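A.B. asks: Those protein sequence lines, which keep their order, are chains P and R.
For the first sequence, counting from 1, position 161 maps to 161 in the working numbering; every step adds exactly one.
For the second sequence, counting from 1, position 389 maps to 389 in the working numbering; every step adds exactly one.
Note that these hints are calculated values from the structure, not bench results.
Quick caveat: nothing in here was measured; it's all calculated off a predicted structure.
Don't take every hint at face value.
Derived coverage of chain R by chain P (criterion: at least 3 residues anywhere in the stretch with Cβ under 8 Å from a Cβ of chain P; other residues may be distant) [what the hints assert, rightly or not]:
#: 1; segment: 87-93
#: 2; segment: 111-118
#: 3; segment: 171-183
#: 4; segment: 421-429
In silico DSS-like pairs for lysine-lysine, Cα to Cα no more than 30 Å straight-line [said to hold, decoys possible]:
#: 5; chain 1: R; residue 1: LYS119; chain 2: R; residue 2: LYS69
#: 6; chain 1: R; residue 1: LYS425; chain 2: P; residue 2: LYS146
#: 7; chain 1: R; residue 1: LYS69; chain 2: R; residue 2: LYS304
#: 8; chain 1: R; residue 1: LYS172; chain 2: P; residue 2: LYS146
In this text, a Cβ means the ideal position worked out from N, Cα and C, and glycines have one as well.
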Amino acid sequence: MAVQALDAARLPVDWAKLVQKLALATALFVVAYGVVPAYASGYLVEAILLPFLALSLAAVGLNLLTGYCGQLSLGSSAFMAVGAFGAYNFNLRVEGLPLAVTMILAGISAAGFGVVFGLPSLRLRGFYLAVSTLAAQFFVQWALTKFGWFSNDNPSGVISAPHLAVAGLSLDSATGRYLLSVTTVMVLTALVWRLVNSATGRNFIAVRDNETAARVIGVPVLRTKLLAFAISSFIIGIAGVLWAFTYLRTVEPAGFNLDRSFQILFIIIIGGLASIRGAFWVRRSSLSSRSFCPGSAHSCSAACSIRAFST
Amino acid sequence: MTFFSHLRKAAIATAFVLGATAVHAEEQYFPLQSYRVGPYAAGGTGFFGGFIDYLNLINIRDGGVNGAKLAWSEGETQYEVEKGVEVYERLKSNPGIAAWNPLSVGIAYAMIDRITDDKVPLITINHGRTDTTDGRVFPYVFPLLLNPYSETSGIVNYIASKEGGLDKLKGKNIVVLYHGSPYGKETIPIYELLSQKYGFELSQIEVPHPGNEQQAQWLTIRREHPDYVVLRGWGVMNPVALKTAQKTGFPADHIIGNVWSNSEEDVIPAGDAAKGYTAITTQASGERYPVVQEIVKTVYGDGKGNLEDNSRIGSVYHNLGIVNGILNVEAVRIAQAKFGNRTLTGDEVRWGFEHLKLDPARVEALGAKDLFHSINVSWDNHEGDGYVTFQQWDGKKWNVVSDWIAPDWKLLRPIIEKSSEAYAKEKGIKIRTAEDADAVVSN
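Isolated chain R (complex conformation) (with noise of 0.2 Å):
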C-alpha cells in the first residue's frame, strides 16, 4: 500500500515536472520594476497595469509570441533609485529577459551602464534621456516614442499653431515650471534654445520634489504675466500646480501639460480647476480603440485584469502601459522573425528593437489606429520618429484639439548627437556602426 502510494506520487511528480518542462519549454520574460505605493502610484498602477494586460491578451489570446510565453515578476521601487537598483539586482538573474521597462528617468540612469554590460535592452518610453536616442553610443536604451526634446518641440510647435505661426512667438512670454528631479530637469536647455531661437521670453521654475506645496511658484508667475505657462509635472505635483493656478487667477486654458502631466489622474483631483487644461500625448486616451475593446473582453473578462478599479481601463497612463505592451512584443516578434520562435537572448531583442517600425497599416492591424500614430526605430535612431497630439480636458474626459503633429526632429537631432558624443568621449566609447550593431549574441 505505502509502496504503491509512493510510486503514484513518483508518477505525479515525474508527470507535472515534464508537464511544467514542456508548457514553459520557451519562456519570454519581463523584470518589472513597478511603484504602486508612493506619491507616484497613480502612474505606476496604470502604466504597468496595462503593461501587464497587454501581455495577459498575448498569452490567453495567441499562447504567446509565436509559441513563446510571456512571463514577468514585480518589484516595487517607489519611484526611488536606490530600490530600483535592488530590484533589478534581484531580478536581473531570472533566464530569458527580454527588456527593462522602470519607468523613472532616475532608476534608468543608473541602470545604464549595468544593462550595456549585460547587453539587455532598457526601454524608457515618453521619457529618459535624451541623448539615449543616438543608438551610436547607446546600443541598449531606447527612449521610445518621444524623448524630452522631441516633446519640448512638438508643445512649442502647438502653442506657436495656436498664436499662428512660429513667426509669432516673438515677444510671447513663457513660463516651464518643472518637476524638481532628473526628469524634470532633462528639457531646460532645450527650452532656452527653443527661446533664442523663436525670440520668446522664458523663465523656468523648479518645484522641489513631490511638489505638494506651490503657493511661492504661482505667485512668482503671475507677477510675470506668462502668456503660457509649460507644465512639466508629474504625479500629486500636477492637480496641485492646476488648484493653485485657480487660486492665483491664471486660466486652465493657456497652461499646456507636458506628457507625464496628461492623465486623468492629474486632473480629476484638481476638479473644476481643471477645465480648459491641454495636454501633450503620444496616445489617445478611452476605450474604443480594438485592442482596448479585446483586452476588457479576453483578460478582464477572463478576471485576469490587473486594475483594480475597471473605470481605470482606457485611462491615459493605462493606454500607455498597452502601447508599451505592444511595442516591446513587435520588438520580439521581429526578432523572433530573425532568429528563431523561441525564447530570445537580451541582444536578439535589442536587435528587434532597432527593427522595430510599425506603420499606421501595420498598427490598426494591431488594434491601435488612432491610439497611437507610428514608430520608426533603426539602429541609430531609438526613438523611432513618433507623433504627438493634443487633448483637452472637459471635466469629464479628454478630447483630442489637435492633428498629430511631428515634432522638429531635423533641428534636435545635431544637439543630441553633440551631447552623445561628450558622453561617448566621457566614458571612453567607441562609437558604433551599422555592421556593429548586426553583430548580435546569441547565447
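The following block holds chain P by itself, in its conformation from the complex (with noise of 0.2 Å):
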C-alpha cells in the first residue's frame, strides 16, 4: 500500500535531464565499444579494465544487499568463488553448454548459496551477522580445499579457464574477453539499476530504515531480506565467474580470500553506500593504488590523479 503511494507521488519527468542522462549513455557506450577495443593497449584492457570491470560488478552486487538492504556482509568473496567454480564445472561436465547458460548457472548456485547464508539474517543483524556470513567465507574455501571434485582433482587446486565463445565466436583475445566483461557488467549493472527502482528496491531500502517500520507497513521483511541475499549474491557470483575466466584465466580457493571480501566492502563503503556509481569510481582508484602501486610509479601516479579526480 505504502509502496503505491510512493508510486503516485512520482515527479513530472525532468525532459532537460532525461537528454543529459540519455547523452552520457551514449557516450558511454561508444567509448565503451568503440574507443577501448580499438584504441586500447593489451595492458590497459587485461591488467586494468578487466580487474576493474570484475570487481566493480562484485560491488554492485554488494551494494544492493549491504548499501540498499542493509544486510552487512563479510562472504562477497566466498560467493565469488562459488560463481568462478560453478561456472568451470557446469562449463567441465555438461557438454556444449553455451556461455552464457554457464554463467547464469553459476549464478544461481551462487544464489542459492547466498540465500543459505543469508538466514542468519532473519535472526541476526550488524555485526552479528557480519560474523555469520565470515562463515561463508571460510567453509567455502575449506569445501573447494577439502574435496578434489570442484577442481576436477587437479592436484594443486588450481582451475584454469575453459574457451571461451559465444555463438561459435571464440572470445579468447583480450577484446574478446573484455567485450564479454563489459557487455555482463553492463546488463547486470542496468538490471540493478531498474530493481533499486522498483517497489522491490523501495522494500529494499524500507528494510534498512527500519525495520520494524517496514514490517508494520506490510513490507514482507523475510522474503525481501532473502531476497536481496540471491540477487546479490547472483551478481557476485557472475562477477566471480569474469574475475576467474576473463580476467585471471586460472584460479585458485586461495585467490578468493578475505582481503578480497574486504576489498568489495572497502569499495562500496567509500563509494557510498547505495550509489551504484561509486562502485565503479572507487574500484578504478582502489585498484591502481592498493594493488598494483608497488614497482610501478607510474601506476601511483595515475591512483593519485584518479583519486584527486573523483574527489
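With the hints as a guide, bring both chains together as one complex.
C.D. replies: The following block contains the structure:
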C-alpha cells in the first residue's frame, strides 16, 4: 500500500535531465564498444580494465545487499568463488553448454548459496550478521580445498579457464574477453538500476531504514532479506566468473580470500553505500593504488590523479 | 653562435642515437617478475640477485652471448598472482624476450595460456606444475632440473637409504607438512602413491599461508609420533616449523626439508633449533665454485653486484639464481648456434631449451662443477633429469651428506603423462610430435 502511494507521488518527467542522461549513456556506449576495443593497449585491458570490471560488478552486487538492504556481509569473495568454480564445473561436466547459460547457472548456484548463508540475517543484525557471513567465507574455501572434485582433481587445486565462445565466435583474445566482461557488467548493472527503482528496491530501503516500521506497513521482511541475499549473490557469483574466466584465466581457492571480501566492502563504503556509480569510481582508484602500486611509479601517479579527480 | 650551438647539439644527439643503436643492435631481454618485499622476499632477493649477477657476468666478461647483450627489467609481484599478471602485461611488449622466470607456481599457472599464445618459454626451475614436464602437451613450459614429483621421489629414496633400503620403509610413519598454496599441494597425490607402493604410513598436514603459526600442526605431529617429517615449506614457514618442532620435542635431524626449505634464510632465524636439519637441493651452496668466484671478482668487484648483503653470496637461493642464469643463457647460446648470433624470438629460445643438454664436462667448462650435476632436456622431457643431493645444517653452514641421487623418473613418467593428457583433453590441445617441435616461428 505504502509502496503504491510512493509510486503515485512520482515527480513529473524532467526532460533536460533525461536528455543529459541519454547523452551520457551514448557516450559510455561509444567508449566501451568503440574507443576501448580500437585503441586501448593490451596492458590497459588485461591488467586494469578486466579486474576493474569484475570487482566493480561484485561491488554493485554487494551494494544491493549492504547499501540498499542494510545487511552487512563479509562473504563476498566466497560467493565469487562459488560462481567461478560453479561455472568451471558446469562447463566441464555438461557438454556443449552455451557460455551465457553457464554463467547464469553459476550465478544461480551462488544465489542458492547466498540464501542459505542469508538465513541467519532473519535473526541477526549488524556485527553479528557480519560474523555469520564470515562463516561462508571460510566454509567455501575449506570445501573447495577439501574436495578435489570441485577442481577436477587437479593436485594443486587450481582451475584454468576453458575456451570462451559465444555463438561459435571465439572470445579468447583480450578484446573478446573485454567485450564479454563489459557487456555482462552493463546488462547486470542496468538490471540492478531498474531493480532499486522498483517496488522491490523500495522494500530493500524500507528494511534497511527501519525493519519494524517496514513490517508494520506490510513489507514482507523475511522474503525481502532473502531476495536481497539471492540477487546480490547472483551478481557477485557472475563477477566471480568474470574474475576467473576473463581476467586471471586461472583460479585457486586461496585467490578468493577474506582480503578480497574486504576489498569489495571497502569499495562500496568509500564509493557510497546505496550508490551504484560509487562502485565503479572507487574500484578505479583502489585498483591502481592498493593492488598494483609497488614497483610501478607509473600506476601510482595514475592512481593519484584519478583519486584527485574523483574527490 | 646560437646557430652553431644548435648545430653542435644536433650533431651530438645524432652521434648519441647512432652510437646507442650500434651498441644495442642485438639484445636479448629477460622480463623479471621479482619479489623483493613481502613474506617471501628472502627467496626473491636471493634468486633474482643470483640471476641478475650471472647475466651481468656474461655482459661484462663476454660482452653478451656471442655479441647479443643481455637486458632485463624488474616488476614487483610480492608473490601474488594478480600482481604477477599485471607485471606480465606491463613487460610483455618489450622486444626480444628470451624467457619468463616468475619463481611462483601461482603466477606460472596464470601465465601458461598467455605465454603459449605469445610463444615464449616459461621457466619454473625446481618447481611449477608437474605435468608441464610433458613437452608434448606444454610446448613452452619448462620445470627445469627438478619437478615436484621428482623431488618427492628423491626425498623418499633418501629416507629409504637412511633406513637401509626401500623395503625398510614398510610400516614407517612419515608426516608431510606442506604450505597451503598451489605449490604446497602439488605433491599430495604422489606422496600417497609412494606410500601405497612402499607401505609407509602417511599423513599430510597443511599450514595456511604464510605459516607463522604452527602450534596446532606440531601438536598433531607429536601425537602421531612419526619417524620422519618432510617439511614442504616456503619463506617464513620454515624457521617457524623448526622452532616449533624444537618446542614440541621433535628432533631436527628427523626433519627433511624440500627444495624450497633448504636455504640459509630458512635455518638461521631458527638458531639452534635448526642444527642437524637436512634438506634436498639441486645446487650446492658456498662460494668455492669458479663461476661464483668470477661473479665475486668481476661483478661485485665492478660494484655491480645485485645482493645488498655480500655475506649472502653463495647462499642457496643466490646459487640457484646463478644456476638458473646458466640454464637460460646456455639455452640462448644453443639456439644461436642453430638460428644465428642475433636477437632470437621466444620460439627460437624455446627450441634452445628443448636442446639444452649440459653434461658434467660442459658444466665443468662453465665453472659450475659440483654446483649442479647436469641437465638433459628434450622436446618431450622438459625437466631434463636433474640430480639431487642432500645437505645438513651444522649451525653455521650447509654440508653435503649424500652423493648425487637420481629420482625414479621411470616410475613418475606414466603418472605425469596421464595428468598432462587429461589436461590436453580438457583444453582441446593437440598432442605435439617431434616434427611439431622442430617447426620454429622466427619472427
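A.B. asks: Now look at each hint and say whether the structure bears it out.
C.D. replies: Structure-based check of all given hints:
1. 87-93: Check passed, 5 qualifying residues.
2. 111-118: holds (count 3)
3. 171-183: Coverage by chain P holds for the segment 171-183 of chain R (4 residues, Cβ < 8 Å).
4. 421-429: Since 3 is at least three, the answer is holds.
5. R/LYS119 - R/LYS69: Holds - the C-alpha atoms of R/LYS69 and R/LYS119 are around 21 Å apart, at most 30 Å.
6. R/LYS425 - P/LYS146: With Cα atoms ~25 Å apart, R/LYS425 and P/LYS146 stay inside 30 Å; holds.
7. R/LYS69 - R/LYS304: Judged against 30 Å, a Cα distance of about 16 Å means the pair holds.
8. R/LYS172 - P/LYS146: Answer holds: R/LYS172 to P/LYS146 is near 26 Å, not above 30 Å.
Of the numbered hints given earlier, the model fails none.
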